[in-house]
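Peer 1: For the protein sequence lines, the chains are W and R, in the order given.
Here the numbering used here is used: the first residue of the first sequence is 227, the next is one more, and so on.
Here the numbering used here is used: the first residue of the second sequence is 227, the next is one more, and so on.
It should be emphasised that the hints constitute simulated quantities derived from the structure, not laboratory data.
Do not rely on the hints blindly, as some may be mistaken.
Any copy, or any two copies together, can satisfy a pair, since identical chains are not distinguished.
Cross-link-like lysine to any residue pairs, in silico, SDA-like; alpha carbons within 20 Å at most [as the list claims (entries may be wrong)]:
(1) Lys-352 - Ile-471
(2) Lys-281 - Glu-682
(3) Lys-352 - Ala-494
(4) Lys-234 - Ser-257
(5) Lys-352 - Arg-648
(6) Lys-562 - Ala-317
(7) Lys-356 - Ala-368
(8) Lys-352 - Val-505
Protein chains: 2
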Amino acid sequence: MEERHRYKEVGRHITALIDSAALLPGERLPSLRALSRQLRVSIATVTQAYLELEKTGIVEARPRSGYYVRQALRRLPRPESVPRPQLEPIAGNRSRLIQTVLGAVGSSDLLPLGVTGAAPELLPGKLLAKLMAAECRGAPEAAIGYEQIAGHIELRRQIALYLLGSGIAARPEEIIVTTGAMEALYIAIRALTRPGDTVLIQSPTYYCFLQLLESCGLRAVEIPSHPRTGVHPDDLRQALKRFDIRACLLAPNFNNPDGSLTCEEARAEIMAILEEEEVPLIEDDVYGDVHFGPRRPGTLKARDRRGLVLYCNSFSKTIAPGFRVGYLLPGRFFPKALEIKSTTNVTSATPTQRALAAYLRQGHFERHLRRLRQTMEAQMRTLQLHLGCHFPAGTRVTQPEGGGALWVELPPGVDGVEYFYRARAEGIGVVPGSVFSTQDRFGNYVRLSCNGLWNEDLARGVETLGRIAAEMA
Amino acid sequence: MEERHRYKEVGRHITALIDSAALLPGERLPSLRALSRQLRVSIATVTQAYLELEKTGIVEARPRSGYYVRQALRRLPRPESVPRPQLEPIAGNRSRLIQTVLGAVGSSDLLPLGVTGAAPELLPGKLLAKLMAAECRGAPEAAIGYEQIAGHIELRRQIALYLLGSGIAARPEEIIVTTGAMEALYIAIRALTRPGDTVLIQSPTYYCFLQLLESCGLRAVEIPSHPRTGVHPDDLRQALKRFDIRACLLAPNFNNPDGSLTCEEARAEIMAILEEEEVPLIEDDVYGDVHFGPRRPGTLKARDRRGLVLYCNSFSKTIAPGFRVGYLLPGRFFPKALEIKSTTNVTSATPTQRALAAYLRQGHFERHLRRLRQTMEAQMRTLQLHLGCHFPAGTRVTQPEGGGALWVELPPGVDGVEYFYRARAEGIGVVPGSVFSTQDRFGNYVRLSCNGLWNEDLARGVETLGRIAAEMA
């Protein structure tokens with residue numbers, strides 16, 4: 227890390243100490259001089275680190291005494307297990323609410339506590355601008371011409387190389403470049419289903435998936451997503467036995483919104499069940515790259531020997547959302563998927579594919595991801611601490627090991643949809659839990675996220691959110 | 227026109243004289259000196275014009291005598307009316323053949339006599355590269371961020387301004403930017419139909435439409451597209467009376483492949499019928515901008531007072547195919563269309579939308595279109611003349627007033643699909659007529675086009691195609 231960023235490292239160190247309860251609320255932080263000696267950094271660096279921590283509200287300065295962990299700071303417990311979902315195919319019914327929420331979440335007038343994915347300020351916009359300019363100028367005719375239906379071949383090569391790190395050995399010819407991961411999902415759903423069919427999902431699940439299913443005339447069978455351990459094989463087995471499921475749609479890595487990570491042993495069993503029942507799986511892995519631990523979690527695709535997994539990912543959460551570049555590994559459903567791609571929009575835009583291919587080829591991605599993961603983890607930790615400062619007793623919040631969202635269980639009886647409207651009236655964007663299921667299971671939940679650098683507006687926003695929750699509790 | 231391009235004007239003048247039979251095959255062209263005097267251009271300019279015409283094979287130089295219209299030159303008659311299509315809903319059945327054809331048409335190894343749309347060499351690649359670089363560098367964060375679901379607002383403003391020229395008064399908020407016109411079509415089809423529904427199309431129609439209908443599980447009722455006058459209201463009325471038609475999909479301007487232009491009086495009647503029956507119309511206008519006459523033909527959307535027309539267009543045929551920027555005016559179906567856009571791929575890529583917005587805002591489009599139309603018309607005329615030189619008796623070819631393709635009726639008994647394979651074996655890409663209908667109506671047709679500048683390879687290719695036709699006749 228460059229010298230001028232050293233203070234961030236110091237800040238993370240202190241946050242980790244608070245986080246692990248090595249430093250308790252009300253306790254004094256090490257003196258500037260002591261920490262400077264211990265960490266072998268300048269006093270100026272420690273000072274800057276403490277000032278930044280003070281801005282986030284985690285520590286406070288007491289005149290002529292030093293810095294202290296804020297007295298009010300406390301960790302919220304994790305969410306309770308909710309009652310199991312009703313095991314019944316249900317046609318979508320949330321579209322109107324989702325549209326309202328989407329409009330609010332996307333609004334730039336609102337404080338973005340409902341938006342996931344990294345904010346543009348954390349992404350390599352300038353470098354991409356340079357690469358885009360170089361690609362367009364270097365080959366202007368190629369940059370305005372069509373790519374192959376499956377996408378720019380050099381980009382597909384780079385994706386294939388990158389996927390090796392996720393344990394996926396795919397040839398470039400097995401990859402279809404899509405207009406974002408959403409299109410990968412959409413193509414996968416169209417390739418596997420017809421209106422009236424039933425798809426298995428985990429509950430809660432990303433609301434855009436529910437919208438997609440509803441738009442395609444599909445019914446959803448929901449199995450529980452356990453807040454820490456994600457999908458349990460027994461739940462899957464039972465649902466497959468009972469219903470004519472045409473496809474499963476799961477996010478084993480940091481499921482949006484609960485951040486759950488389906489554990490390794492469960493994955494082996496899940497894959498065995500799917501193979502036995504010959505049911506295809508659509509695997510959403512858009513948060514797999516944003517893990518906080520040292521190692522990337524695995525994928526079900528890596529375990530797929532029979533081409534049953536349709537793997538979906540994108541660069542929208544990590545490099546450039548507006549480039550709309552995602553990819554699909556459709557396994558044995560490749561011909562059908564390619565036909566759907568060609569009849570939807572022929573092929574994705576050329577210049578963005580070429581700029582991304584150059585970005586990957588030049589080896590920027592790994593380095594950027596390392597930084598991004600640290601930042602995202604720090605933001606999430608900070609948000610958790612602030613929730614602890616301001617939310618009433620009875621609130622619970624997840625402690626995900628990756629991804630981009632916190633799943634907050636408000637005190638019993640607090641209505642998440644009303645909470646959403648009251649937050650919006652105060653200029654704050656949040657997402658009510660109701661939109662993450664076709665059933666009324668998450669009425670007192672909201673999803674909170676922090677996609678940009680922490681700042682005083684966000685701190686004030688969380689304070690307001692805590693006040694609203696206390697008023698409604 | 228700049229001085230150094232003056233020879234092109236001279237060439238067009240001479241071609242027009244040949245085309246209008248003012249100069250007949252075997253006749254001598256005006257002498258260099260005479261034409262130089264008449265047109266007030268230098269002798270060098272006339273010389274260059276004649277040399278270029280000689281390259282195209284339209285005229286020939288005879289030693290010590292001058293330039294002559296080639297003796298063998300003859301105009302082919304226009305296609306006969308084919309028997310009417312069977313008036314019956316038919317589920318798609320051409321996908322396999324279409325896939326094969328698409329693979330061949332897209333192959334860069336083949337002489338591109340099957341590809342429509344302008345080749346990159348005729349498009350403003352360099353200027354767009356410059357604008358793209360400026361947009362990305364000027365606002366790197368915006369360029370990698372998401373646009374609104376309906377697209378970049380400045381681009382939609384520019385499109386709204388441009389549409390005024392087509393008689394369409396639309397507000398930017400009524401426009402959805404799509405990933406190419408194909409996606410506009412796809413969204414329109416999804417917004418109006420469910421699998422098993424029936425859609426009315428003209429016959430012949432663009433094969434990708436048939437592929438889309440098949441992929442969406444729809445059936446097609448075909449009404450005749452008359453080679454010159456396109457769709458006749460009586461055919462439409464009759465079909466709407468007999469079948470439960472959920473949507474019509476028509477290309478009134480230079481229908482691909484027959485180049486037909488539905489006439490103005492028919493349009494008024496068509497619109498009245500649709501309003502009376504309350505049947506929505508998907509209007510494909512991607513070739514409307516490529517008219518050879520002085521005035522752009524109108525649109526049905528301009529006559530649409532009740533929001534029944536879903537208008538589809540793009541910049542793929544005129545500016546930058548690989549940018550994948552099209553647009554949809556979904557009329558009263560806007561909410562449903564926006565929902566489908568959001569569940570398909572959320573929104574289209576940002577940088578290409580911004581570069582195009584800048585291109586339009588700076589006023590380049592009209593100037594570029596003027597040049598492009600002249601070039602496309604000249605290429606088409608040249609192709610027609612060469613067909614006349616080399617194709618056997620019994621061949622017929624359209625004389626479209628716009629668009630990008632010639633629809634060639636081969637002598638009776640020549641099988642277009644076999645012709646396609648034999649041309650491919652000789653390294654030439656053409657499109658067999660069979661893929662333009664769900665019925666066996668165009669077995670002895672092929673579509674030919676010339677999307678780049680005429681050259682000797684193309685001239686030799688047409689000679690080969692003529693030989694193959696003669697062998698098969």
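Peer 1: For each hint, tell me whether it holds in the structure or not.
Peer 2: Status of the hints after comparison with the structure:
For a Cα distance limit of 20 Å, the shortest separation of Lys-352 from Ile-471 qualifies neither inside one copy, at 46 Å, nor across copies, at 51 Å. Taking the closest pair of Cα atoms, Lys-281 and Glu-682 come within 20 Å of each other only inside a single copy of the chain (7 Å); across copies the shortest separation is 72 Å, beyond that limit. Within a single copy, Lys-352 and Ala-494 get their C-alpha atoms no closer than 42 Å, and across copies no closer than 52 Å, so neither meets the 20 Å cut-off. Taking the shortest alpha-carbon separations for Lys-234 and Ser-257, only the intra-copy value of 17 Å comes in at or below 20 Å, while the best inter-copy value is 82 Å.
In this assembly of identical chains, the alpha carbons of Lys-352 and Arg-648 never lie at most 20 Å apart, being 37 Å within a copy and 51 Å across copies at closest. Taking the shortest Cα distances, Lys-562 and Ala-317 sit within 20 Å of each other only across copies (17 Å), while inside one copy they are farther apart (25 Å). Taking CA atoms no more than 20 Å apart as the test, Lys-356 paired with Ala-368 passes in both settings, with 17 Å inside one copy and 14 Å between copies. Taking the shortest Cα distances, Lys-352 and Val-505 never come within 20 Å of each other, neither inside one copy (44 Å) nor across copies (49 Å).
The structure fails to meet hints 1, 3, 5 and 8 from the earlier list, while all remaining hints are met.
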